[in-house]
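Enquirer: Sequence:
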Amino acid sequence: AGVFEVLKPDSVCLCVSDGSLLSVLAHHLGVEQVFTVESSAASHKLLRKIFKANHLEDKINIIEKRPELLTSEDLKSRKVSLLLGEPFFTTSLLPWHSLYFWYVRTAVDQHLGPGAVVMPQAASLHAVVVEFRDLWRIRSPCGDCEGFDVHIMDDMIKRALDFRESREAEPHPLWEYPCRSLSEPRQILAFDFRQLVPPRPLCAEGTMELRRPGRSHAAVLWMEYHLTPECTLSTGLLEPADPEGGCCWNPHCKQAVYFFSPVLDPRAPLGGPQTVSYVVEFHPGTGDITMEFRLADTPDSPLLGNKVA
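1 is the number of the first residue of the sequence shown in UniProt numbering; add one for each residue after it.
Calculated directly from the structure, the hints in this document are not laboratory data. C-beta: ideal position from N, C-alpha, C; glycine also. Be careful, since some hints might not be right.
Simulated pairs of lysine to aspartate or glutamate, DMTMM-like, Cα-Cα distance not exceeding 25 Å [claimed, not checked]:
1) Lys45 <-> Asp10
2) Lys79 <-> Asp58
3) Lys45 <-> Asp74
4) Lys79 <-> Asp134
5) Lys59 <-> Asp10
6) Lys76 <-> Glu32
7) Lys49 <-> Asp74
8) Lys52 <-> Glu73
9) Lys59 <-> Glu86
10) Lys65 <-> Glu86
11) Lys76 <-> Glu86
12) Lys158 <-> Asp144
13) Lys45 <-> Asp58
14) Lys49 <-> Glu32
15) Lys45 <-> Glu32
16) Lys79 <-> Glu64
17) Lys8 <-> Asp109
18) Lys158 <-> Asp74
19) Lys8 <-> Asp192
20) Lys158 <-> Asp192
21) Lys59 <-> Asp74
22) Lys8 <-> Glu86
23) Lys76 <-> Asp10
24) Lys158 <-> Glu146
25) Lys79 <-> Asp10
26) Lys79 <-> Glu57
27) Lys49 <-> Glu86
28) Lys8 <-> Asp74
29) Lys158 <-> Glu184
30) Lys52 <-> Asp10
31) Lys8 <-> Glu57
32) Lys79 <-> Glu68
33) Lys76 <-> Asp109
34) Lys45 <-> Glu64
35) Lys45 <-> Glu73
36) Lys8 <-> Asp58
Between beta-carbon pairs, the in silico distance windows are [as the list claims (entries may be wrong)]:
37) Ile50 <-> Gly285: 35 to 41 Å
38) Gln110 <-> Leu21: 24 to 30 Å
39) Asp192 <-> Pro251: 44 to 50 Å
40) Glu68 <-> Asp155: 20 to 26 Å
Work out the full structure: start from the sequences and follow the hints.
Expert: Written as structure tokens, this is what we have:
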């Protein structure tokens with residue numbers, strides 16, 4: 001619906017996403033000229049076959065290079081009126097890695113015409129505190145296994161997880177791992193793609209109140225992309241949690257899981273902290289995100305670093 005609102009017959013559209021069919025959609029909606037950038041050789045080869053099979057090879061221009069290397073000649077000296085992205089990139093592991101689209105938008109700014117539309121026009125990072133049914137076990141000590149004492153292995157793993165580099169968010173497809181939300185979802189950061197990547201960091205800090213009883217295992221983070229103010233696509237929660245806290249996750253994306261403790265003890269009593277504090281910072285110069293989520297009774301620790309592709 002959002003694409004219909006901005007496309008015009010005389011539009012010049014530039015699509016930036018790996019292996020995306022947005023360029024086909026734009027063409028069928030009557031856009032005058034469509035360019036699609038494919039930096040991946042595999043995606044480039046696949047799209048050429050798709051375009052040929054649909055007799056589009058002369059109607060959609062594929063540019064095989066990194067978007068930041070685009071020249072005016074690549075675009076046939078035309079100014080882009082619509083920059084379009086899913087955004088999806090094969091190099092993305094964590095949800096915010098697709099912020100690469102924002103860097104592309106900044107790099108191609110010189111090729112955008114007056115009043116050019118960028119879609120999605122913004123994105124936001126969200127988080128919720130959860131209790132997992134099973135996934136917490138990857139951070140739980142084994143103790144005794146089939147009659148074997150593996151406490152030595154447990155201790156070795158715990159020491160390894162105590163390193164700062166290991167205490168970071170992990171990508172997991174949460175539709176496979178049932179969980180209950182213990183807090184309400186919270187928007188953490190917002191990114192305005194209509195503007196260039198800012199020179200100063202974006203920082204957010206606050207607390208999340210736990211509204212349901214349970215064991216607080218982790219914070220789950222995901223991105224939401226705002227095509228228009230009325231049209232939003234979520235890579236995480238698809239609908240509000242049910243009364244018991246049951247979550248419905250996007251099955252086509254991985255979410256980021258930040259475990260509160262390097263090692264989770266299943267014998268820990270219920271109850272305990274009623275709030276989770278957080279500090280999250282986006283560093284535009286390096287593309288890094290540092291974050292820390294901490295249960296109210298956890299000792300202070302430094303910010304933790306998470307890379308953005």
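Enquirer: Give me the numbers of the hints this structure contradicts, sorted from smallest to largest.
Expert: Numbers 1, 4, 18, 20, 29, 39, 40, in rising order.
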